[in-house]
Structures are given as structure tokens and as C-alpha cells.
Amino acid sequence: MGTTQILIAGFGGQGVLFAGKFLAYMGLMEDKQVSWLPSYGPEMRGGTANCSVIISDESIGSPIVSAPDILIAMNLPSLDKYESSVASGGMIFIDGTLISRGIERNDVKMHNIDATKLASQNGYSGLSNMIIMGKVIKECPALGNAYVEAALSKVVSERHRNLYDSNLAAVTLGYNI
Amino acid sequence: MTDKVLMKGNEAIAEAAIQAGCRFYFGYPITPQTEIAAYMAKRMPKISGTFLQAESEIAAINMVYGVASAGKRVMTSSSSPGISLKSEGISYIAGCDLPALIVNVQRGGPGLGGIQPSQSDYFQATRGGGHGDYHVIALAPASVQEMADLTFKGFDLADIYRTPVMILADGTMGQMMEPVKMKDYTPPDINKDWAVTGTKMMREHNIINSLCLDPESLEISNFKRYEKYKTICEKEAMCEEYLTNDADIVIAAFGIAARVSKNAVNEARANGLKVGMIRPITLWPFPKDAFERAAEKAKAFISVELSMGQMIEDVSLAVRCRKPVYLCNRAGGMIPSPEQVLAKINEIANMSNSK
Amino acid sequence: MSIVFEKPHALTDAALHYCPGCTHGIIHRLVAEAIDDLKIEGKTVGVAPVGCAVMAYNYFACDMVEAAHGRAPAVATGLKRAMPDNIIFTYQGDGDLASIGMAETVHAATRNENITVIFVNNAIYGMTGGQMAPTSLPGQVTQTSPYGRDVNVCGYPIKICELLSNLDGPEYLERVAVNNVKNVKNAKRAIKKAFENQINKKGFSLIEVISSCPTNWGMTPDQALAWIDEKMIPYYPLGVYKDKSAQKDSEVKA
Chain A
0 MGTTQILIAG FGGQGVLFAG KFLAYMGLME DKQVSWLPSY GPEMRGGTAN
50 CSVIISDESI GSPIVSAPDI LIAMNLPSLD KYESSVASGG MIFIDGTLIS
100 RGIERNDVKM HNIDATKLAS QNGYSGLSNM IIMGKVIKEC PALGNAYVEA
150 ALSKVVSERH RNLYDSNLAA VTLGYNI
Chain B
0 MTDKVLMKGN EAIAEAAIQA GCRFYFGYPI TPQTEIAAYM AKRMPKISGT
50 FLQAESEIAA INMVYGVASA GKRVMTSSSS PGISLKSEGI SYIAGCDLPA
100 LIVNVQRGGP GLGGIQPSQS DYFQATRGGG HGDYHVIALA PASVQEMADL
150 TFKGFDLADI YRTPVMILAD GTMGQMMEPV KMKDYTPPDI NKDWAVTGTK
200 MMREHNIINS LCLDPESLEI SNFKRYEKYK TICEKEAMCE EYLTNDADIV
250 IAAFGIAARV SKNAVNEARA NGLKVGMIRP ITLWPFPKDA FERAAEKAKA
300 FISVELSMGQ MIEDVSLAVR CRKPVYLCNR AGGMIPSPEQ VLAKINEIAN
350 MSNSK
Chain C
0 MSIVFEKPHA LTDAALHYCP GCTHGIIHRL VAEAIDDLKI EGKTVGVAPV
50 GCAVMAYNYF ACDMVEAAHG RAPAVATGLK RAMPDNIIFT YQGDGDLASI
100 GMAETVHAAT RNENITVIFV NNAIYGMTGG QMAPTSLPGQ VTQTSPYGRD
150 VNVCGYPIKI CELLSNLDGP EYLERVAVNN VKNVKNAKRA IKKAFENQIN
200 KKGFSLIEVI SSCPTNWGMT PDQALAWIDE KMIPYYPLGV YKDKSAQKDS
250 EVKA
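Chains as they are written, first to last, in numbering that gives the first Met the number 0: chain A, 0 to 176; chain B, 0 to 354; chain C, 0 to 253.
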């Protein structure tokens, strides 16, 4: 494969940037070129947040993802805003608990994950992002799955070590849906 | 697995500065560079260094001036409006021939402007920025790895030439994460016997000063400083050339604009167009030679910028107006897309074909 | 023959450029005497201002830095942080310290930055030829207040010692004058104490010295000295405005 361009979008607080960092670390550990670019500014504080992640075999030019191969929409405004930008043949992952509509495109594949509901049912409140990540890893073999634990241990900070297990469990849950 | 780590550009600058032996940081919060201050606030107390949040950008740059006078490695960082405030102090630092590192993670202007990425402080950085005849060495990183590498380089250049050095990044470079590996680094051995460390009653007093009321002497000191600048221009200009050997159209772009343009160059090549890129790494001194060489073969140049067109003047000067130089730009915090750059390439390719 | 009077070692042989009757010379000497007495010349770095004392870097024999207008406390902060074992002082006038450099002054004080500040208040901008200063008295005639300082238009003079004494940070604040022998001797004691405080790592010490400017006040030197007694001191009362260590000592005793 050449290059995978990923766009993750949602509300601030849904762990959009964290999920992106996790994917970037997985790529890094596969010895690929990676870049991670967040939206920043006032929108980080409660509004919409998004981040561009690129994982590639070649050196990365622009770190800005304008036509994602993979869109992860964690709320309706994000789907409304980015659905049309997804590259033909790409994939859209949505949190079905928060998004009631399907997609309008017929040249991309949608994966609907009831992530927020699954998270609260299984005691992983706040980890809907990682449940979706599990599904993303399952559906996108190009991302690899050898370094899930290693990447997680990089992105879960020392201070929050106790959250590592629940993050891993959430990813596993999403993977096995 | 790799030994690289993912870091934000801002953090890479901070960590590289620490590894380069900088133990003094003074700053004032401003988006999009505040991670540098936050990183320093966390790390400096643990390594017996100084992090101080100054009362203003003006105070911060003058604290830098104080530490630089004492002969120690020191830095400050800010974003566009804050750099304007620091410009007085930078002029003094240049006028006293002191080494210091100043980081500008640019945002859109003028005035308070916005907080999204911009390159519209190019003139300010490459023409000095404050009052008087002086330059700062302006370094333009285009990756997080370069944010680190050019920080090491910046401290060295500052010490070697006794001059302020500026890293001219932008919001994207500051905020994005990419893999970084810090280099093994030993600082150059530099004699700083000019520093004000106390006479110890063993020598005449040292004076750090830019006041000179006698115009003849002031003129001499200006000419002497420009001799130094001449050496810097001869020895320190840096750029990356990408597919320029056979290029009919050469793009000039730095920082994030170069990253975007690289996509467009690759796309154009795939379409059979001979397009290349020169990416200045030093904006001052400007890598004129590369442009002059490229102008022998190229039919046209395109300056891709996140500004209303500033570097384009240096490109035009470097090719001595022998070839047309076109502008492809966004401003105010917007970033050109690879498609926009490609469209400009196609437009110019069609123009020269129809001639 | 024995030497009964000589120039302090901490002053160079350079001839001062100050006007006849100006008290900057006295204050320079008092600072130099304190440096000599405490034997700290070899590790002292002074910071000169912009204003009449701009060329102080030529007069003090210790290492010197010339600061931008008003920024001396920030420069001194950098020097002190870089060299905590050196002795750092600033020498600033009223325009430098109380107008353009007010932010740097207040913040160095509130950080209790361990530096010594010599603040020369002569109620006028001398170097630029006699304009209104932040410390010019109500009604005082200057080039830019030709009808007298109108407090309704330009506000009131700033009393630096009183202002800073409200901060928890600074260690020591005292106002002195140099218009007669008694006051000069007292000023010498205060300036020396301000350096001792730094040696003892006590923190920010500022000595405000009420000074004269016969040239720009339009007076003879002796008239100017008398004017300090008649006008300046009543508005700017002399005395200690803050002495944190003494305060602590008395609290312990009580």
C-alpha cells in the first residue's frame, strides 16, 4: 500500500485527538512515515475537534487531509461536514448512537458502530473513540494490528496508567463486534 | 521498531533547546506556540534551569538580553503579534552582537489577526524586523524533525556569529506531530570573553552596549557587522532542491507551503510535466545560488506562500527578473491546497506551451 | 602626607557628563562607595538606563550592560537568573523606571527578584531637555507642561515607594535625598543596605533618591537643593516604606 489518509472528527472531549495519536503511533511502530495534525484554537474547548492522520510508506508531503480514505465521524455535524470529502472507495465510520442517519454516498463503505451505547453498557464510559478504533483496525488491514498494545502504552500517559487496561479492552471490544 | 518518538513541533523545539544546553527560557503565552512555554515550565525546574513567564513579550526579550549578556544560551518564543513587541529587543541584541534564539510560530495578521498558520512575517524576519541596519538569521523548518534540527543549528549559528537567530515556523509546524529523533550533540567550543560575568578585578570592565553617539564610530560598527553578514551569506545559505535538474517550472516554497507543494510537484510529474521545487531552509540568508542555477533552465517560477506575496520578491531578485515569477497564495490563516498549486502549475505550463 | 580623600575604586577615571549642580555625581559616588565597602566590584554587573544616566556604563568600573528604555529590571532579571552569585544593580531615572518601564519595575518587585535598584527621582526628563515626568509635581512647569502640570489632564505624580509597598513581594523600599550632608549620609547607608540585602539573598531592594536638576528646573544649584526641601520632600516623604526582614524580626520579638 502507499498512503492512508485518515480524518477523525467530533466534539471536543470525545477523544478525537487521542484516537488520532493512537493510530499515528501504530504506524510509527510499523516503521511507516506518519503525521498527525490537530485543529487548534477556541474550537478545541468544547466545540468541534478534528485531526488529520497520514500513514505512508513514502515521505509525507502535506499533513493536511482534505480527501480522507477513512473518515471517522463521531457526531452528526462532523458527518455533515466531511462526508462529501471522502475519497471514492474510502470508508466512513460513524458512532451510530449519536448519528441517526446513514450516508448519502454510494461509492464509499459505511461502518455504523453503536459506540457510545456500547461504551456505557460495558463500563467504558468515555471510550467510544477507542471502540471505534478497534473496528477501524479490523476493517483496515493496511493499518496493521501488531502494535496495538505498544501504541496504547505510548499514548496513555504515565499519570493515567490505570486507564491503559480499559482502553485496551475498548479497542478489543470494537475489534470483535 | 523505531527509536523515534512522536512529538509536536513546538515540543520538539523545546526539547532540542534543552539538549542544546539552553537552560534559560522566558516567554509570554500566545497561541499557537504556548506548548513551548508549557514544556519548558515542566522541564526547566528539574534540570536546574530557569523558566520564567514574563509580564510581557517586551520583558521576556529583555530578560533574554540579560542572559545573553552573561554569555549563556537563552531563548524565547512567541507568535506574530508577540514578535512585533519583541522587535525592539531583537534590534538591541543585534546591535550588541549577542547570541540568542527567538522562535516565531506564525499566525495570520496584521494586527491581532487570527490564530491559524501563516507566513506573513517573512518580511519582518528577513529584513531585520526592528529599527536599524541589522539582520537575524532566519531558519524555516518544514517538518517536526527540522524543528528540532534547526534549533540545535540555531544555537550554534547564534554563538558562532554572535547574532540573534530566528526560527520562522507556523501554526501547522508547531501543532503537528511527526516522528523525531534528537541528534547526538556537542556544542561548539566558543570563547565568550566579551560576556559580563564580573571583572574579578582581573581585567577592564566589559560593556554590552549599542549606544554610540559618534556617527563615525557607529558607521564603523555597522560596516563591521555587515562584514559578518557577508560571511554568513557566503557560508550559511541552505535549501533543499527537489527534482530541479530538468525542471521547466520551479516552485519556491518554505515550511508548510513546501509540504503542500511537494504533493503538487509529484502530481504534476505523474502528469508528465517537468516541475521541481526549491525549498529555502534559511530565509535569510536567502539561497540565491540555487535559484540562479535553476533560472538557467527553468521557464518560470511559482512562489507558493501563506501570505500576500513576500518571498516572491526575493525569488524575483535571485533570478534577477530574467524569468517570470508567479504567486500562488492563501492568506489570513488559510493554507493553499495541493490542487490549488497544481492548477497554478497547469495554468503556467499551458501559458508557456501556447507561446 | 596621607591621602584623606579619593575617588572610589568602583568608579572609572572617565569625566562625568552631568550638568553643574546635578546630584547624579553624588549618587554615582554613593553606589561606588557601597561596592567598594562590600568588596564586590569583581562580581558586580550594573545595568544602565536610558535617560541622563545612559552613559553610566562608562563611569562604573564593574561590568556594565546598557538596557533599552525602561527595561533595566528585565535585563537585570536575566543577568541574575544566569549568574545568581553575582551582584546585579540597575540605575534608573523617573521616566525610565516609573513611566515606560513601570511594568518591568512592578513585576521585578513582585517577584522579589534579588537585585538592587537605584531609582533617581528628579521630577523631570533631563536628557531630552526638561519634559514632564511621571513624578513631576502638580503645577510644575516643564517643556511639555508649560502652564504647570494640570492633574485634571495629566493625572497625579506616581509615588513609587508607596505604590510598591502594597506588594507582598519586595524586600526593601526606602526613599532618601541627597540635598544636604545629613541626607547624603543617610542615602549612603540605605544604598549599602540595598546591596547587603542582595548579598544576603533577601530580594528586591529599591532606593528612591530624590535628586535635583537645576538645568531643567531653571534654578541655580543651591536653589535646586532648597526646592527639594520645600517642594519635593513634602510630596515625597523620606523614610523606609517596606523592610520585610525587620518586620519579620519584630513579629518574632512580639
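Just to be clear, a hint being listed does not mean it is correct.
[To be verified] Pairs of lysine to aspartate or glutamate, EDC-like flavour, derived with a Cα cap of 16 angstroms: (1) Lys180(B) x Glu157(A); (2) Lys42(C) x Asp155(B); (3) Lys191(C) x Glu32(C); (4) Lys3(B) x Glu29(A); (5) Lys199(B) x Asp35(C); (6) Lys201(C) x Glu229(C); (7) Lys243(C) x Asp149(C); (8) Lys41(B) x Glu157(A); (9) Lys287(B) x Glu312(B); (10) Lys227(B) x Glu312(B); (11) Lys42(C) x Asp192(B); (12) Lys191(B) x Asp155(B); (13) Lys3(B) x Asp30(A); (14) Lys182(B) x Asp2(B); (15) Lys153(A) x Asp2(B); (16) Lys187(C) x Asp36(C); (17) Lys199(B) x Asp149(C); (18) Lys322(B) x Asp247(B).
[Unchecked claim] A few chain B positions that, by computed beta-carbon distances, are all more than 10 angstroms from chain C: (19) Gly110; (20) Asp188; (21) Thr198; (22) Lys199; (23) Glu215; (24) Met237; (25) Asp245; (26) Glu266; (27) Ala269; (28) Gln339; (29) Glu346.
[Claimed, not checked] Interface residues of chain B toward chain C, partial, derived using beta-carbon atoms under 10 angstroms: (30) Arg22; (31) Ile60; (32) Ala67; (33) Gly70; (34) Lys71; (35) Tyr91; (36) Cys95; (37) Met201; (38) Leu217.
To be clear, the hints were calculated from the coordinates, so they are not data collected in a lab. Glycine included, each C-beta is placed from N, C-alpha and C at the ideal position.
Now for the hints, and whether the structure bears them out:
no.	hint	in the structure
1	Lys180(B) x Glu157(A)	21 angstroms, violated
2	Lys42(C) x Asp155(B)	28 angstroms, violated
3	Lys191(C) x Glu32(C)	8 angstroms, holds
4	Lys3(B) x Glu29(A)	12 angstroms, holds
5	Lys199(B) x Asp35(C)	13 angstroms, holds
6	Lys201(C) x Glu229(C)	35 angstroms, violated
7	Lys243(C) x Asp149(C)	36 angstroms, violated
8	Lys41(B) x Glu157(A)	15 angstroms, holds
9	Lys287(B) x Glu312(B)	12 angstroms, holds
10	Lys227(B) x Glu312(B)	24 angstroms, violated
11	Lys42(C) x Asp192(B)	15 angstroms, holds
12	Lys191(B) x Asp155(B)	13 angstroms, holds
13	Lys3(B) x Asp30(A)	9 angstroms, holds
14	Lys182(B) x Asp2(B)	12 angstroms, holds
15	Lys153(A) x Asp2(B)	12 angstroms, holds
16	Lys187(C) x Asp36(C)	11 angstroms, holds
17	Lys199(B) x Asp149(C)	50 angstroms, violated
18	Lys322(B) x Asp247(B)	11 angstroms, holds
19	Gly110	21 angstroms, holds
20	Asp188	19 angstroms, holds
21	Thr198	5 angstroms, violated
22	Lys199	4 angstroms, violated
23	Glu215	18 angstroms, holds
24	Met237	30 angstroms, holds
25	Asp245	52 angstroms, holds
26	Glu266	50 angstroms, holds
27	Ala269	53 angstroms, holds
28	Gln339	43 angstroms, holds
29	Glu346	49 angstroms, holds
30	Arg22	9 angstroms, holds
31	Ile60	8 angstroms, holds
32	Ala67	8 angstroms, holds
33	Gly70	8 angstroms, holds
34	Lys71	5 angstroms, holds
35	Tyr91	5 angstroms, holds
36	Cys95	8 angstroms, holds
37	Met201	8 angstroms, holds
38	Leu217	14 angstroms, violated
Checked against the numbered hints given earlier, the structure breaks hints 1, 2, 6, 7, 10, 17, 21, 22 and 38 and satisfies all the rest.
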